[in-house]
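Residues per chain are reported as follows:
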Amino acid sequence: MSKGYRQAPSGSSDKKRKDGKRIAGKQDFGVPGSGGSNPYSELQDIERIPNSQGGQLEQPRGPHVHDPHITGQTIGKATPLVDSRWKVTGQAEYGDDIRLPNELVGRILRSPHHYARIVSIDTSAAEALPGVRAVSTGMDSVNRFGVLPVTKDEHAMAQDKVRHVGDLVACVAAESEEIAIEALSYIHVDYEVMESIHDMEDGLLDSENPIHDRGKYHIGESNVQKRVFQQFGHTDAMHDAPFQSKSDWTFAGLHHGFTEPHAVVAHWDPNGRLQLYTPQQVPHYVHRALSSVLDVPMHQINVIRTFVGGGFGGKSDPFPHEMCAAILAKKSGRPVRINFDREEVYWINRGRHPSRIQMEVYADEKGRIAGIETDALIDGGAFASFGHVTTYYNGVLHTSPYEIGGFHYTGARVWTNKPASGAMRGHGAVNSRCAVEVAIDDVCEQMGVDPMTFRLANLLPPHCRTITGFRITSTGMRECLDEVRKQSGWDDKFRKMPLGRGIGVGCGFFISGSGLPIHWDPENFPHATVHLQCDMDGGVTVHTGAADIGQGSDTAVAQAVSEVLALPLDMIRIRSRESDTAPVDLGSYSSRVTFMNCNAAIRAAIELREKVLNAAWEIIGYHPDSLVLGDRRIYYKRDPAIGVSWLQAVHKAQADTGSLIASGAYRTPPMGGVHKGAAAGLAPAYSFSAYVAEVEVDPETGFVRVIKAWAAHDCGKALNPLAVEGQIIGSCHMGMGQVLSEEMRYGRTGHLLNPDLLDYKIMSVHEMPEVVPIIVESNDPEGPFGAKEAGEGPLLPILPAVVNAIYDAIGVRVNELPVSPDRLYSTIEKQCRKMGIKDPLDLPNPSFEPSALQADLENRAKEHAHRDLQRDLLKDRSSYVNGVLFGFDPDRPLPEQSEGWRESVTPTPEDLADPKKRAARAWSHVERRKRRDDA
Amino acid sequence: MKTPPFRLHRPTTIDEAVNLAADLVKRKQGFDWVSGGTDLLANYKWHINTQPHVISLASIEELTRHGAHHIGAMVRLHELEHGPTHPLLRKAAGTIASTLIRRSATVGGNLCLDTRCFWFNQTEDWRRSIDWCHKCDCDTGADCRVIPNQNTLCVATYQGDLAPCLMVLDATIHLAGPEGVRSMSIADFYALDGMTRNVLKTGEFVTHVSTPEESNDLDGDYQKLSLRESWDFPEAGVAAAWKRTDTGLSTLRIATTACESIPRIHLESAEAALVDWNGESTTIEVAEAIRREVKPVNNTYFPPAYRRKMLRVLTKRALKGTWM
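Which chain is which? The protein sequence lines are A and B, in order. Position 871, counted from 1, in the first sequence is what my numbering calls 871; the numbers after and before it change by one each time, with no gaps. Position 205, counted from 1, in the second sequence is what my numbering calls 205; the numbers after and before it change by one each time, with no gaps.
Certain hints may be false.
[As the list claims (entries may be wrong)] Straight line, CA to CA, 20 Å or less: simulated EDC-like cross-link-like pairs of lysine to aspartate or glutamate: (1) B:LYS2 to A:ASP482; (2) B:LYS320 to A:ASP482; (3) B:LYS45 to A:GLU177; (4) B:LYS316 to B:GLU271; (5) B:LYS2 to B:ASP32; (6) A:LYS708 to A:ASP482.
[Said to hold, decoys possible] Partial list, derived from the structure: chain A residues whose beta carbon lies under 7 Å from chain B: (7) HIS287; (8) GLU700; (9) THR701; (10) SER764; (11) HIS766; (12) MET835.
In case anyone wonders, no lab produced these hints; they're calculated from the structure. All figures in this text were calculated on a predicted structure; none of them were measured in a lab. Ideal Cβ positions, reconstructed from N, Cα and C, are used throughout, including at glycine.
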């Protein structure tokens, strides 16, 4: 067939009048062809239809539940983002592009003190300044808010005290930015400075003035905001293991470094409704927070998400400046715009927590991981933000991808007088992951085993449960490792390169969507909802609340709809910007959007498709089961000549109802354990990744240059390989920044020394190595078309890969990030002194002598590869829980099978006895409500 | 982030510029010179020592003259990188900041670069939160934040790359001002204090630098320490120039930058090294001597101890050409 089927039937042209007038009752509705310039529709491309549906697309991991909905339209094709033309032509309106008529400019007065009580504020002089239209202080807004309902500890502006330099004190709206800035200097604030806390370990102690007061829930009189204890498995026996790696890590705090500073415009429209324009990752939480802070019902607020110039977790909290803009707009009766300067971005922060992590990894004589013991103290800064969750994630997200004999975790998050830490790409998992993976390398070194082999011989299989009860469905971990090993030439390079050149491996594991919505029970309300609307033009409008923050969620949702309905992407319109028109969505965080929204979109599209197919049935007389959706055409499976155009079928379907609508929703299946904190880290699917990095280290200066990185990520199914590769490379860039140069650096007075992009060292193009993105597709049974996340997980492995490569290069282990040249150099100096070497160029080059265990592990890895394939293809459906490798029966409760096996989230005094453990000290305090003396 | 308003003057000749300056001095009006603006305007945005008048040198054609031994103050770093001057200058110019900045930044601006410090190169709100500092005290008489309780000297760091290179080439700097023109060795141009930085009097500015004909016979190298290849100011820099003879070296000059408030030429150490020149082993000795002479403080990105140690490595590397 040469050109496919013409979209436009020729119609009865002889009856058509040539003079432009219509014949009564014989109106020709014109050409029903639509969608793009190609007037011919294509048949389904058989090469893109899966085996299971009779097509030619290979399915090495078996069929998927969404196979019948594959039409070959867009899934799996490299697809430029649907909003990319807006961006590259400069027409996309970001937060600070929004200009409403008659606007005022708002500025914020910030605290110059780390910690101080506000004695008084006098705004009268500022109010009297010509051009000032409104001034507001904490008095105008006393309601609390916060991203997590359990830890609402923020206000629009300081109430009684300021908690860090840069904390909001007052705000001004004026006719111009100059006037607003001037007005700030007329606001007189009397402070009573209090003793501030900057070191996170001080946060563990009792304080006269804890940074927050949580009433009866306060933990002692300390600044501990959250503490977590988890103990699973043989946590006593692991200490007897022959191979042990113990390290004490320091991780600097990080900022997301997004391009676009925060910006907001608030306007109370003539109907008295608040219109708030903001570049937000989670418009819905802002919506909720605005409602409670302003005491205005939610239906009186419309949150409009602008284009977002980068989020990475840094724009997912509801922010005080958003409240300020709304308050100023209310007071002045005019739209108010607040645009941040760069240092304000650092003051609102929400970046990665500075942390100190004690990591112990134990391995037994059979080359199994006998246990992991982690103590993580994290510095939350002045507010809670997502910290409750972060405290869990620092522990629970390293219970996979390996099978482990025991897991002992103590974690604590403390308040300090710094800008608040929060969620950042790879939330909570990044630092402890780095520590675990480096410890595994260390253990392998002790054992005389190739770290690649060791990992391959200790992986959890597909369809299993982790030690704390996470349900793993698909995993492509093994394939990721195999690929990077092969492509990097690992076997020829590991411990074989000259001094100064090294190669290292690291793995990653991350959630694909948080299983528990923050604000409601998933049993009662779905995670994501998508509405479709198809009107006479045949195009489909998608209403979703998923926030496109540059990651391409609009594109992914459009692709899902386009695929099921076999329509070209330009016939799909996404409306995801306004809370007035978008169904409630939890927003773009925890790598949930592709998984949850695309699943909802597929369901909605299937519903729409059924309506259109039924209409086609009426026209051509074939049952929908025997109809196929080609490109804008529905035809009989056995004879493509019998068919009807998409638009004709749509019009038929619309005959009774008018515009077609359909709706789909997604909720997670019931899963996970029942212990306290079981929901933290629980996800409907998990992504896996393995990276190899090759580095060059200058032993004389401590400079590290990453030469090349091979980055394999299991995203289930690459809906859009172009976007996945972009995410992998972008993650590598961000992760390399953390491992080599980025840090929020605080000086001896506690001030943040580098709130700017010159001294906050994000890697430039010169430092960026070639990254080889390798996509691994494990075909997740519940993911949309098999897909899982690809936005955060790919960041994790690059850190340990680089650190392990540094060891391979010069034989020096580092345990402080970033590995800036000065830090590495001082570690090199120490090593030289220890070894009695004068010139660092004489450092011994690490070598590798395989022990007898190497062959055993290679065999085990081979057996496990076979095991995993059988489970993947569902040929082996036996249950598998973490522990089977250690001889447990997966079908009986593990504690019943072995005396030492513990599953506890309540520490005993013995569990916390080690005085060197930091976070464990958080339990030296008793919660106020549990102190008898309170009564 | 708003630059405070200032009046921009755009003279087209050196005389006009000098007269303008003299007039402003007479009227007791504060002013700054601006050439490329990549240093000054960034500081203005942060409200650091801003002035009501700014005199731009960009329209004075004479200042753009660029020959093998004559470099006008308005020659852009990009032009210097690709120009006819000594290869050492071209190399150093190519390492400064980023491609974009080099298109704008000038030789004069680089030589007169304001000194930098963690406690100074910050926004106004930030500096208010530390109660200001000696270099920009906003009339508070604030103390130095790097070395407290001294309040006399500013220890901000000079982080220019060209000065040490010109020093080792024995260049001369030429100034013009209300009191006429004057010239001096570039080493004499800098005067130890992070605030005054150099000998320029109010109303005086750099017109050009010249290098001697003899510099043609010199080989040289410049080594710098910066975390990233782009954007970052040097954290330490070593320039060296030498003349090789059949038996060894007849000339050796070494200068360092980015470690103190002014760049510094190490005449004695270099001369001492020449006395008993023994190739590689002497370079190691002289490198150690340089390390001892320079005393950085804790006010830039890398800690001072590390910068000092790296001076040793940089010197060794800069001198590699003397024996290899």
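Results of checking the hints against the structure:
For the hint pairing B:LYS2 with A:ASP482, the CA-to-CA distance comes to about 54 Å; that exceeds 20 Å, so the pair is violated. At roughly 44 Å between alpha-carbon atoms, B:LYS320 and A:ASP482 are farther apart than 20 Å, so this suggested pair is violated. For the hint pairing B:LYS45 with A:GLU177, the CA-to-CA distance comes to about 14 Å; that is within 20 Å, so the pair holds. Between B:LYS316 and B:GLU271 the CA atoms are separated by roughly 16 Å; this keeps the pair inside 20 Å, and the hint holds.
Straight-line distance between C-alpha atoms of B:LYS2 and B:ASP32 comes to about 18 Å, which keeps the hinted pair within the 20 Å bound. A hinted pair counts as satisfied when its Cα atoms are at most 20 Å apart, and A:LYS708 with A:ASP482 qualifies at roughly 17 Å. Among the interface hints, the one on A:HIS287 is violated; its C-beta lies about 30 Å from the nearest C-beta in chain B, farther than the 7 Å criterion. For A:GLU700, the shortest C-beta to C-beta distance to chain B is roughly 5 Å, which falls under 7 Å, so the interface hint holds.
The criterion of a C-beta within 7 Å of any C-beta in chain B is met by A:THR701, whose closest approach is roughly 6 Å, and the hint holds. The beta carbon of A:SER764 is positioned within 7 Å of a beta carbon in chain B (closest approach about 4 Å), and the interface hint is therefore held. The restraint placing A:HIS766 at the interface with chain B holds, with a minimum CB-CB distance near 4 Å, inside the 7 Å limit. Taking 7 Å as the C-beta cut-off, the interface hint given for A:MET835 is violated, the closest approach to chain B being about 18 Å.
Against the hints set out earlier in the document, violations occur for numbers 1, 2, 7, 12.
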